[in-house]
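**Q** Listed below, chain by chain, are the residues.
6 protein chains.
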Amino acid sequence: MANPQDYNYNFYNVTFPAEYVAHVEINRPEKLNAFVEEMWQNLALIFRKLSHDPNVRAILLTGAGDRAFTAGLDVQAASQGFLTTPSSDPARTATANKRHILDFQECISAVEKCEKPVLCVLHGISFGLALDLSLSCDIRFSTTTTQFSVKEVDIGLAADIGTLSRLPHSVGNMSWIKEIALSARVFGSEEALRVGLVSRVLGGKGEAVGEALKLAGLIATKSPVAVQGTKEILNYSRDRTVADGLHYTAVWNAAMLQTQDLKDAMLSGLQKRKATFSKL
Amino acid sequence: MANPQDYNYNFYNVTFPAEYVAHVEINRPEKLNAFVEEMWQNLALIFRKLSHDPNVRAILLTGAGDRAFTAGLDVQAASQGFLTTPSSDPARTATANKRHILDFQECISAVEKCEKPVLCVLHGISFGLALDLSLSCDIRFSTTTTQFSVKEVDIGLAADIGTLSRLPHSVGNMSWIKEIALSARVFGSEEALRVGLVSRVLGGKGEAVGEALKLAGLIATKSPVAVQGTKEILNYSRDRTVADGLHYTAVWNAAMLQTQDLKDAMLSGLQKRKATFSKL
Amino acid sequence: MANPQDYNYNFYNVTFPAEYVAHVEINRPEKLNAFVEEMWQNLALIFRKLSHDPNVRAILLTGAGDRAFTAGLDVQAASQGFLTTPSSDPARTATANKRHILDFQECISAVEKCEKPVLCVLHGISFGLALDLSLSCDIRFSTTTTQFSVKEVDIGLAADIGTLSRLPHSVGNMSWIKEIALSARVFGSEEALRVGLVSRVLGGKGEAVGEALKLAGLIATKSPVAVQGTKEILNYSRDRTVADGLHYTAVWNAAMLQTQDLKDAMLSGLQKRKATFSKL
Amino acid sequence: MANPQDYNYNFYNVTFPAEYVAHVEINRPEKLNAFVEEMWQNLALIFRKLSHDPNVRAILLTGAGDRAFTAGLDVQAASQGFLTTPSSDPARTATANKRHILDFQECISAVEKCEKPVLCVLHGISFGLALDLSLSCDIRFSTTTTQFSVKEVDIGLAADIGTLSRLPHSVGNMSWIKEIALSARVFGSEEALRVGLVSRVLGGKGEAVGEALKLAGLIATKSPVAVQGTKEILNYSRDRTVADGLHYTAVWNAAMLQTQDLKDAMLSGLQKRKATFSKL
Amino acid sequence: MANPQDYNYNFYNVTFPAEYVAHVEINRPEKLNAFVEEMWQNLALIFRKLSHDPNVRAILLTGAGDRAFTAGLDVQAASQGFLTTPSSDPARTATANKRHILDFQECISAVEKCEKPVLCVLHGISFGLALDLSLSCDIRFSTTTTQFSVKEVDIGLAADIGTLSRLPHSVGNMSWIKEIALSARVFGSEEALRVGLVSRVLGGKGEAVGEALKLAGLIATKSPVAVQGTKEILNYSRDRTVADGLHYTAVWNAAMLQTQDLKDAMLSGLQKRKATFSKL
Amino acid sequence: MANPQDYNYNFYNVTFPAEYVAHVEINRPEKLNAFVEEMWQNLALIFRKLSHDPNVRAILLTGAGDRAFTAGLDVQAASQGFLTTPSSDPARTATANKRHILDFQECISAVEKCEKPVLCVLHGISFGLALDLSLSCDIRFSTTTTQFSVKEVDIGLAADIGTLSRLPHSVGNMSWIKEIALSARVFGSEEALRVGLVSRVLGGKGEAVGEALKLAGLIATKSPVAVQGTKEILNYSRDRTVADGLHYTAVWNAAMLQTQDLKDAMLSGLQKRKATFSKL
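Residue numbers (UniProt numbering), protein chains in the order written: chain Y, 1 to 280; chain D, 1 to 280; chain X, 1 to 280; chain H, 1 to 280; chain W, 1 to 280; chain B, 1 to 280.
In isolation and in its complexed conformation, chain Y is listed as follows (with noise of 0.2 angstroms):
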């Protein structure tokens, strides 16, 4: 079981509610589950330790709270940064703000890196940085009364931690991204799922919660070989052509078919008993 002590993190609560399965939950109810700075860094720090930790195969995201999985940047917070300025010369602020964002980027992106699957459930109101969070994702449910908005242009900004650069590659309706990031409006779980934004929306939070852990539980009971490298291959591939995505593939598998899970897998699905598999 991995160790509850290891991830201690102020603004998360993290716990191991089944075998192989984490539950990192998002816990600055009070404001909406808004991100101060402290909040990215330490996503950033769970995620790479959850990575390797080989007690874990599946991860699962949510918001504390009944209103918001996260109402996005707190602003009031970060209007500090915004307002005031670096430098009087603008290529050097140009030179902070590119550092800054970039480091903002790479904590979230840390979700995407984790080497295990990573289940969201989008809750209440989910704005902004959650769509740039939910989408480092792997995986995102949502529950019939999610608001939805790529808020940033209403700030004043084009949306820089993933958002845009992410969407195109998850939704298969450009018109429908430019018409929700052009405007900020605000959407909800039915336009979501007619799009593909979420693969589930579920009753309500309590409702999404369970089966996203359920999902969770089943994934962790595979062999973390076989569900590690599906997840690198669906993102190699995301970003490539199908030649480039299929001789990856082909080397990835030249080692990872080698595994005793491969072996065990195949037997018990022949003689319809369970397998387990030993630590990643």
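Hints in this document: simulated from the structure, not taken from any laboratory. As the structure is a prediction and not an experimental result, all values here were calculated from the model. Please note: incorrect hints may appear among the correct ones.
For chains that are exact copies, the list does not tell them apart, and a pair is met inside one copy or across any two.
As the list claims (entries may be wrong) - Straight-line C-alpha distance at most 20 angstroms; calculated SDA-like pairs for lysine to any residue: (1) Lys113 x Leu102; (2) Lys274 x Ala44; (3) Lys279 x Thr221; (4) Lys113 x Glu19; (5) Lys263 x Ala220; (6) Lys49 x Asp103; (7) Lys263 x Gln80; (8) Lys49 x Asp6; (9) Lys272 x Glu38.
Guided by the hints, dock chains D, X, H, W and B onto chain Y, whose structure is given.
**A** Chains D, X, H, W and B alone, transformed into the frame defined by chain Y:
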């Protein structure tokens, strides 16, 4: 206010129905807005001018008349070009063809390259070039009676002005893309919405144009720095890896976050009032 | 007419049910059309031959029997290969594995590389290799009772014959792609249609094969120059930037617009009669 | 023969010293051929015209006078532009800057995009823009007294009109590229030849221009289909994988091998006589 | 020892002059080793077999006789193909041409795709196809009297079997590449060495073959896991970004570092003795 | 002035010999500066700090002692890691290996990612990791007695920390790259200079360090906005198409041209005096 006199081009009506909103109407309704060469040359001239016009922040493209957004290429007119051969040497003819296609593509791509978001309403007959053209736009609306068709195979050629290059990056159902491109069959708005070719279907042309103008008007009230950055980054990311998209976004926003708009938008948000933004 | 004698391969029935239409039937119904090595080697031989056969313009791929398009890899047969290790040295085993995977991939990719459009009907059990194979086809139909599953994680491996490389370029819902690839859960046609994996769902196998043959027949009446160019450009553009897609299209059509087909198709269109096209 | 009247542009002498050969001379020797905006705009107009002129098959670019190919940007003239700021808003200034740079780049890239091979002779002072410009040419000659410098860091900017994007694809010594780009030190022809920036060093300007004209003349006697294809494919392949280069070449030559030139060249080769080729 | 009987192909002598070393000699000296179609088909068959032959670790490719590595395509033989037109329809002829070029390219690329390093000695006349072929090899030696020429423009075509796609990735002087490809001029070994086309120039054919065999023999004593990985990663990285190259290398070596060879090589290095490696 | 106390890391001396110049010396001369894990971890920490240190504008990397820049990996120390196997399951071992390689690569790439230019002097023994490391630097100098070797094949592996991914983008002679990488033979500075691996060869270590410090000092006097932009754009362009390089440059300079440095540098140039620039 933009000057309508600057946009006096044959086959087009260009008007400015709201602040910062331009409306470009293809105006050859007696021929179902079918395109002759002067039309695509003028289209490029108009959109290149709109791209840098500080009085314009959102653009709507529609077709005049009730019957068609556009029936596509004016085949009768084009047939002269297609049926005569520039040279008896196939390599020299190929060179002439390539130059001609690249020139034609460049005209249609001027819509995509326009720095401002372009919405379009596909109504009535929307064949062939209607797809090439609308896929160069950012947001596509249609009506309950729109008839779409990727018509080109029926005149003996593979669509070469953009449809085949942009469809796989705009719609998330490759089986459907190939079905309609290989068969040239006519399909309607319900199907277009389901597969993700359009983002909204409205009752009739009037209603669709009204909604599109409303959306264009909304976008035009937002920071042009934020809006134009959003369009640019989405188009850049669509074509590249997520990693490259993120890096480009950081470099782009290194400058753009220095805008006064961000401060104004953020403060007006916190203070629940409406911001206005200087020209871009 | 193509010569059926040229297509006499174990495990396949190849017939020519209409002019310019080939029908390839996977024929091992007693084993749910599960694949042994000879079957994928023969598949490649058949499709490489069809690719250049001037008597063929559209191809339908189906599975014999009522129960399955294909249940995937014949695990019992494959298990011998999977369970024996080519070498005691993991690097040498990796080399053997890589060669084997690349060879297997090459066989399945022969369907994608075939110059003529390939339609397929997924009916009944469509597990594992059924996805790899159908994603190499251009157009996918299914029936109301089709059972799909990306089954590979359940036998301890990441799918490596094409599913993971092609899904992100074929379906516009990354959350769903990861859900079904990581969980191996069975899903049906309604879901497949909604997310964009298939473009049509028909009542039963008979109806589906009938509709697919009708569509194949329609495509076969069109100019093969136009049809094959459309397939080629869509596949090229899927993998590349819009700019590269456009440029490639211009170079491709520089030659292809010189075809007599274009003149014939255009004139027959203007004159409301039907054109026929010479072999390609 | 091309018509010199068509090429009457300020700051340039365009002559046609031999059949199918154009000679473009930058003509502002009293200012060491330093560039003002009109000059790069005219450069683009000239090369776009030459690109499609059937009477031109090879082009030589040189600078008038004994002292300089070009001393680069006319800093005195440009300083007005550089020292005034388009807007007090850094984001709006950035937008204006980006448009200006893209426009300037487009002008210099017109030389690379010209379908015909462009040779250049770098003599005397060849600073800053001299590199951007010559790297857009296909073949570079210099003289024993040429003084090269990537001068831009010395005026406080990273070279942005092409030098930094083209050097890594033109010269095979990255250490040297960075040394001269970061230090702005002046270097001579011996060094330029050793690292691969030029392909020949001649004694003086006269001799260099003579040799370049001889080479241009030789190229102009060859099949323009073969010559222009060679330039195109080399530029395409430089930027892409070998696999993509090969595939593009096959599609390109699918049309180009149909030329009468190939038959004429081949037969004249076998029959030891000289072929002539029709215009392109 | 590899079995010479397995390599009995017209126009080639295949011998095994040292342990793990194969020597492939193009054997049509009476025609200056000029290529007819059977020759490139056989070349591919030989190199595909060598690629997987566990008794081969390094390969030398040379041309029989004193006069030529190869004079290139047998133009007299090819002229029949070039001078007859497969179809009166330029699009159909283009299709036939494309298939033919892709097939021919595939044969030459079999040398690059061969898993084992291929050295070649270019001696005497080395025109046209000699470049295409040697650029598919890994290491190129020449002699003081080698005469090189990218001859294709002189027969009216752009070189399409690999020279133009591989030169920009093999030689670091783009000006020189274009000069010799556009002029077809003959050049010698001194120039080839200076620009980086070959890595060594030896006195005569005998000496060059001797040195090449010595180098092949040296490579053959090393771990085949290390050697074949080095070839693969260099080719992969040549075509991609440094970041992609690094990532691929990590995945490749994840398996390959598990080899016994590493332990044996490392220990034998520490113990100053010679390791031997099992077959691959 | 940068604070030497901030750079107190085992195995390194970091000094600041001139304004804005840092000198990083690998300091394990008694072991020929061979690397143990702590050394590459510290290297990354040092260069990440230097990257953002406003008191540093140019960096020199050298090795302590007379005998070696570095003899590479400390094989004796590493052999423990290499010779023990993390898991009996080859797939689990592969996962551990991949993580280890990616971590090691990341440390060495920290030099390339450092925003400031990094020069290095390769003296004496420069084997294995010496190449990986120096290829991550921007500018390479060597001495008349430097002994280079891509040593990795001799210990049974393909070099995986950067050499194989960066060589094809740094040196313009692929035949030579493969020759030295496949044979592991030792070569000297004359050869390194000829093929383009280094840009200068100096008499001895003292002279080389002196010249490198002079060049670093010169670079440090220039606008850091211009210098850092030049490094960034060259690295970006090296990996991408010319078109993408140009576009990125325009977006980069859209902000950077707004620097006061440009005005200061330009005016001081016109006024023949020396500019100073504020920190970055």
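**Q** Which numbered hints are broken by the structure, listed smallest first?
**A** Numbers 2, 4 and 9, in rising order.
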